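Novice: Use these hints to put chain B onto chain A, whose structure you have.
Protein chains in written order, with the working numbering: chain A, 1 to 711; chain B, 1 to 711.
I should point out that these hints are in silico values taken from the structure, not numbers from a laboratory. Take the hints with a grain of salt, since some may be wrong.
Any copy, or any two copies together, can satisfy a pair, since identical chains are not distinguished.
Here are the simulated lysine to any residue pairs, SDA-like style, with alpha carbons at most 20 Å apart [stated by the list, open to error]: (1) Lys227 / Arg711; (2) Lys645 / Thr574; (3) Lys701 / Ala233; (4) Lys227 / Arg704; (5) Lys269 / Gln446; (6) Lys395 / Asp696; (7) Lys252 / Ala585; (8) Lys701 / Pro234.
The structure presented is a predicted model; accordingly, all values stated were derived computationally and were not measured.
2 protein chains.
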Amino acid sequence: MTTIFRTLGLALLMALLPGWAAAEDGYELWLRYRPLGGAAQAQLQAGARSLVLATPATPTVDAAVAELRRGVAGLAGRAPALSPRAVPGALVLATRAQAPAGLDVPWDELGDEGYALRRQTLQGADVTVIAANTDRGLLYGAFAWLRAAQTGADMRRLDQRAAPKVGLRLLNHWDNLDRHVERGYAGASLWDWWKLPDILDPRYVDYARANASLGINGTVLNNVNAKADSLTAPYLAKAAALAGVFRPYGIKVYLSARFSAPVELGGLKTADPLDPAVRAWWRAKADEIYRAIPDFGGFLVKANSEGQPGPQDYGRNHADGANMLAEALQPHGGVVLWRAFVYSPDATDRAAQAYAEFQPLDGRFAPNVIVQVKNGAIDFQPREPFHPLFGAMPKTPLALELQITKEYLGFSTHLVYLGSLFEEVLKADTGHGGTVARVVDGRLNQHPLTAIAGVANIGTDRNWSGSQFDQANWYAFGRLAWDPDASAAQVARDWVAQTFTRRAAARDAIVELMLASREAVVDYMTPLGLHHLMDTGHHYGPGPWVNNLERADWNPTYFHKAGRDGIGFDRTATGSNAVAQYAPAIARQWADPRTTPPELLLWFHHLPWGHAMPSGRTLWAELIWRYGRGVATVDDMGRRWAALKADIDPQRHAEVTTYLAVQAREARWWRDACIAYFQSVSGLPLPAGVAPPAQDLAAYKALRFGFAPGR
Amino acid sequence: MTTIFRTLGLALLMALLPGWAAAEDGYELWLRYRPLGGAAQAQLQAGARSLVLATPATPTVDAAVAELRRGVAGLAGRAPALSPRAVPGALVLATRAQAPAGLDVPWDELGDEGYALRRQTLQGADVTVIAANTDRGLLYGAFAWLRAAQTGADMRRLDQRAAPKVGLRLLNHWDNLDRHVERGYAGASLWDWWKLPDILDPRYVDYARANASLGINGTVLNNVNAKADSLTAPYLAKAAALAGVFRPYGIKVYLSARFSAPVELGGLKTADPLDPAVRAWWRAKADEIYRAIPDFGGFLVKANSEGQPGPQDYGRNHADGANMLAEALQPHGGVVLWRAFVYSPDATDRAAQAYAEFQPLDGRFAPNVIVQVKNGAIDFQPREPFHPLFGAMPKTPLALELQITKEYLGFSTHLVYLGSLFEEVLKADTGHGGTVARVVDGRLNQHPLTAIAGVANIGTDRNWSGSQFDQANWYAFGRLAWDPDASAAQVARDWVAQTFTRRAAARDAIVELMLASREAVVDYMTPLGLHHLMDTGHHYGPGPWVNNLERADWNPTYFHKAGRDGIGFDRTATGSNAVAQYAPAIARQWADPRTTPPELLLWFHHLPWGHAMPSGRTLWAELIWRYGRGVATVDDMGRRWAALKADIDPQRHAEVTTYLAVQAREARWWRDACIAYFQSVSGLPLPAGVAPPAQDLAAYKALRFGFAPGR
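With the rest of the complex left out, here is chain A:
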């Protein structure tokens, strides 16, 4: 049947009945190429009449051309044809080697992945040039040009250039081989291991397109709590099939490696990293992997952490383990991403343990090892101070690990824009001469090998991320991984324009709502530097009263230490002194409650309930006031969204409205359960005018949640 008929039928279906395949279900993500309309559409047509290829044909160039044709067809209503030479209104894709005479491009600035976009006169014709040194650069340039068109840039005066500041921009999938996703709230794993390698879901291509549009250039397919099976021949063939789909989009495949694989698969008696047989086994395994996947990226490893095997099982240290794998990958150009998320079951402050184990190893790691450090020292809380390892291991490349999936921030039902959290971490001054961003991008200590990782929030849900707004967190991770100095607000503006609406008033209203959302979740879950207050297992609802878990440092009571006398974890010299792990200037500031920002106060200090806050309130009153502010902000987000009804398609507007109603109810649950508990320990009356919790403490304690996702 013809395209015209198809389009007509679909248009009618869309007009008649929302909720069908052609509806606004969010599947298109930010690659949503709807007609621009009006002058912008005419302008785009005039600037994309045809495509000229001044570059060798490769699968990556094919991908760029396919995306440009798809995008222009959607945005301008007509797909550009290929043209042999630069005619007026042509879109010229040029790489250096075949660049036509007269191109004015700063090639050396662009590197391997950068691009330039320029409107210029070429051979007498007014054209737009997308230039890069490589086909991957052209692909990124093509997506950037489409983004400019989607976000309302003046396409007649386009002059942009960009190159990524971080080398490895990676998604970490905590996906198990049975398709369960640990801490996944968007359905099952995209990877249908059973049907691979033969059957390739077309969705794999859309996944690659979405990532390439952000500059993400690598993906770790399997959970860091890894099964050795992923390193067997059948699973390597499956991974190779995915690598084949992703390759044209500049995305390399990585695997989480189980440290004990030589025992489980190789039948060896040991996995001791200094044992020659073990080293030989890993070298042979690496050779086997590269035969299947010539551009394999490398290994991600969780070792001696939360029960995972590792070098310490054999009296060796993390450097011994990482360097053994590095040695096996080195001949092939692979890297090892070795996670620093460790905490031994000893009695010291859990927040201090990763530093204690890793900092002394600075300089001991092989050149192709990157130590991957979570943004904070505990575990992806609504707010944590930056991890003290950043800046403290100058001889070691450090990767920043961010969690895109919202394990502790309301799963996929709460609207929380993480761009703000990511930006806060990246722009934090380490006190070692630069920000976390400067550590991660390698400029502070001149490391050529750099990486940033995000724990994916992607699953089989039709909208990819479990909710429409969680797509923004995937997007923000990718944009900030490419440019750690980007503004979270600007990134949000681009996402909204690409995803929801280009109308400035509506776009800005949505951006305001997003920018308010992160502080809101901090307020209604863990204000004033509190952390780890969630209930056991599911990590969804409040459980500040939990004090009965196997390990002391799994209990919320361990972290808030609330009692009659006050609340907070003393990490100063009078306590665990974890604050001393920070650079002196920072340590001095955070060691004194008077100079510690209120946002981090109870992270570092145990203070009496009557402690006077800058606001003039007591700590007790401030705590309750912040819980209330969180709920009020969520209510306000709901009002802002309701006012946008006319600007958003009915399906997505109604869907987000429902989610915001759930969030408003659950923000009250968090507020009331926490206030009820803290009041039970403080014994203090509620400040005047504060409504008491809706239910008594026992009722909140009695709530149980079986079958929570992501367990």
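Specialist: Using the frame of chain A, we list chain B on its own:
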């Protein structure tokens, strides 16, 4: 790389469309309303210019109108408007109470769910009438009218009437509360329990539309291996939310009930069905359920089967257990579907045990109990003789349980059209005076309460069923549940016309392929009445050698009994005598190898390898010949499909091609592994001209499959 280019080609093709909505990904199922084109389209337009409602407005009528508008918009290119009175070319929806004068409708024949479609002159206008006694009848009539249009009926001479022959037409979802689907091969469960009841996936509506289009009027939401949690207030609220979505589509919600719930939820010491406190608990629970779901359908129960709790734990029988639940549901009009799939771990023939336990209870069940019997006495094998209970319990309504999901027939990767299997069972003569269909539709023994159940093959995969062709099994189940006398071939023709193509040559070629597919899987997996040859746990590949499982009757060797002397299970008087459970005429026929159809030969007889078959071959040669025929048929299916490239959209043609290639390879795996094993026990040479297995037996035995879906 070919896959990449194929996908890129598709991407380029789709770049001509706004968005990705037009992808032929199978989501639309058989409700795929593409423009008819040509005369048919003009004819449909002329016959559906407007909609006239001669019926009270109800949500179900709204659903019918929405579907007709959607369908006509897609098929004819223009949605009909509502019109106050019968104008020429109107589509008149009429229920008896408000039927306009001059309607010629056999109301009494239609019952509560039937409909009539007639082109006639009404008030001087040439109109099409969709008539029914109820709004559900109108909805079914609307779908039937659309199906007529999709399948190329002459809409100018339309004169159809239909009413379902079976009362309860139910899907059984073996879906767990954590979204894992037992024996599910199409992704995760559609039911997002965590987000329910607040968040309703629009897909729930499409699920209801698809089922209503087939006449399916009930769905059991949770696995028969049930958790008591599904009966708690939070989960009842979630089930009620789904019931609210399904209600306008005439679909009632049912739940699998865990027999020990009074202990697990009620804190009682016992779940003894004769204990007054237990009976009271169930009555109160039923009252609670009906407060949440006023039209709740009832309970499905798996008791004293494979470790599930049941009345026998308390020395009671199945009737005691079923009647207790029936008593609780009776005041609300609910029913109990009590499964007869039981086999005690004793030494008798497993195939004889369900009959032994249930037949003596005939007449002991309450009027609102239906005993649900699988099609065969073992467990959904590629071929089984009909279950001996059919016809043997004349005083008890028996439901037929079919498995739509292909647990033992290649999951969702092998193309096997189950309409043929379903038809074979329904048309089997029980020897008790009628076919299985007559037992199930209640006519043989005048039971007013009738039911047929299908274990769903539906999941979150975009194509719903894991493959394009597995959609046909859902469709065939629904159509045969409505009319157990329907022809599987005709049902296949309708499905292909609605789903793939109306072109007669291509349609018939696809139907031929489908009709050949079931015999093919019997041949390459379990020919000549062999059964239960699959490997342990995953049930996917061959494991005829398995003999080490905890229970004797879990071992393939228990079922085929192959040795030097011969092969097959002697179920005659010289063996288990299970054949005596059939009516005398059938039992006589199947007790003698000479009168037993070859398809069932080794189900009932243990015969020497040299046994002479009607074909003139020895049993050994026949066995090998049938394995070969199965592979040849699959190869032929692949050739037939390849020849249809021009008739099918590129995405689905390429997808099915890939699946058929996997099936061809795995059919060889089954053939070769089984022949290698049977040769190792028979010690016989392969017949002349037969190629030896590709690998030796040890290689097939060594294959392991971790992480198979559906475990």
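Novice: It remains to establish, for every hint, whether it holds in the given structure.
Specialist: Status of each hint after checking the structure:
1. Lys227 / Arg711: both (17 Å within a copy, 18 Å between copies)
2. Lys645 / Thr574: neither (54 Å within a copy, 77 Å between copies)
3. Lys701 / Ala233: between (48 Å within a copy, 18 Å between copies)
4. Lys227 / Arg704: For Lys227 and Arg704, only the inter-copy Cα distance (15 Å) is at most 20 Å; the intra-copy one is 30 Å.
5. Lys269 / Gln446: neither (41 Å within a copy, 70 Å between copies)
6. Lys395 / Asp696: The answer is neither: 53 Å in one copy and 55 Å across copies each exceed 20 Å.
7. Lys252 / Ala585: Answer is neither: 40 Å inside a copy and 67 Å across each miss the 20 Å cutoff.
8. Lys701 / Pro234: between (47 Å within a copy, 16 Å between copies)
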